[in-house]
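Chains as they are written, first to last, in my numbering: chain C, 1 to 113; chain W, 1 to 112.
By construction, these hints were calculated from the structure, which means they are not laboratory data. Yeah, the Cβ is synthetic: ideal placement off N, Cα and C, and Gly gets one too. Hints may be right or wrong, so weigh each one.
Said to hold, decoys possible - Some chain C residues judged to face chain W by a derived CB distance under 10 angstroms, without partners named:
hint	residue
1	VAL4
2	GLN6
3	LEU43
4	ARG44
5	GLU59
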Amino acid sequence: NAGVTQTPKFQVLKTGQSMTLQCAQDMNHEYMSWYRQDPGMGLRLIHYSVGAGITDQGEVPNGYNVSRSTTEDFPLRLLSAAPSQTSVYFCASSRTSLQETQYFGPGTRLLVL
Amino acid sequence: DAKTTQPTSMDCAEGRAANLPCNHSTISGNEYVYWYRQIHSQGPQYIIHGLKNNETNEMASLIITEDRKSSTLILPHATLRDTAVYYCIVRVGSTSGSRLTFGEGTQLTVNP
Chain C
1 NAGVTQTPKF QVLKTGQSMT LQCAQDMNHE YMSWYRQDPG MGLRLIHYSV
51 GAGITDQGEV PNGYNVSRST TEDFPLRLLS AAPSQTSVYF CASSRTSLQE
101 TQYFGPGTRL LVL
Chain W
1 DAKTTQPTSM DCAEGRAANL PCNHSTISGN EYVYWYRQIH SQGPQYIIHG
51 LKNNETNEMA SLIITEDRKS STLILPHATL RDTAVYYCIV RVGSTSGSRL
101 TFGEGTQLTV NP
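Bound conformation, chain C alone (with noise of 0.2 angstroms):
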C-alpha cells in the first residue's frame, strides 16, 4: 500500500490564483481530513469527510473547498490564493471516525506571493 499520498509536494502561487491540492489512499478508508501548519504551530482542521459525498468544515475553512466523489481520493480546493494561505497542508485518512488513528500524507508546501 502506498498509504496516503499528496501532490504537488511544493506549489508557487500568485496571489488571487487558484489551484487544487491532491490527496489519495489506498487502504479503503472512510474518513478523510485536510489540516494546515503554520510555522511553529500545531495542525488546524480545514474540513473532513466521513465518506464519499460526505463534507463538512472544520476549525479553518474560509478559502477553501473540498469534494469527495470517490472514496479514495479528497481534493482541497484553493479558490483565490492569498498570503495568508501560505503553509504545509497536510492530508490524513482513517478506516472510520470513532477512535480511529489517523494516517498523515507528506504534505504540500505552498506558498503564496
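Using the hints provided, position chain W relative to the given structure of chain C.
Quick look at chain W alone, frame taken from chain C:
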C-alpha cells in the same frame, strides 16, 4: 475536546528512557488520550492511545493516572531518530467526525 498542557521542550540522552508528560485535567469519561509525533517537515505519525488502562506497543508505553487527569508517554530507549515534536491529544470520536486538535506539543531532542 479536553485541553492538554505539555512542556515546550525536553532533552534526553540517547539510549535512555524519554518520559513525556501531559496534563489533561478536564478530560471526560469517554475521551481517549492519543499521542502523535512529527519529525521535522514530515506528516504526523501515530504512536499510541488509551482510555484508562496503561498501554504498550512496539514504539512506546502510555501511563495514565488513575484519575485520568494526566498521562506520560515513555520511549524506553530513545534514539536520535526519536527527535521530534510530540503531541498529546484528548479526543472523543463520533460519527459526525473525528478531529484531532493539535496543540503546540513538546519538542523532544535526543542527544548523542
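Ascending list of hint numbers which this structure does not respect | When the structure is compared with the hints, none of them turns out to be violated.
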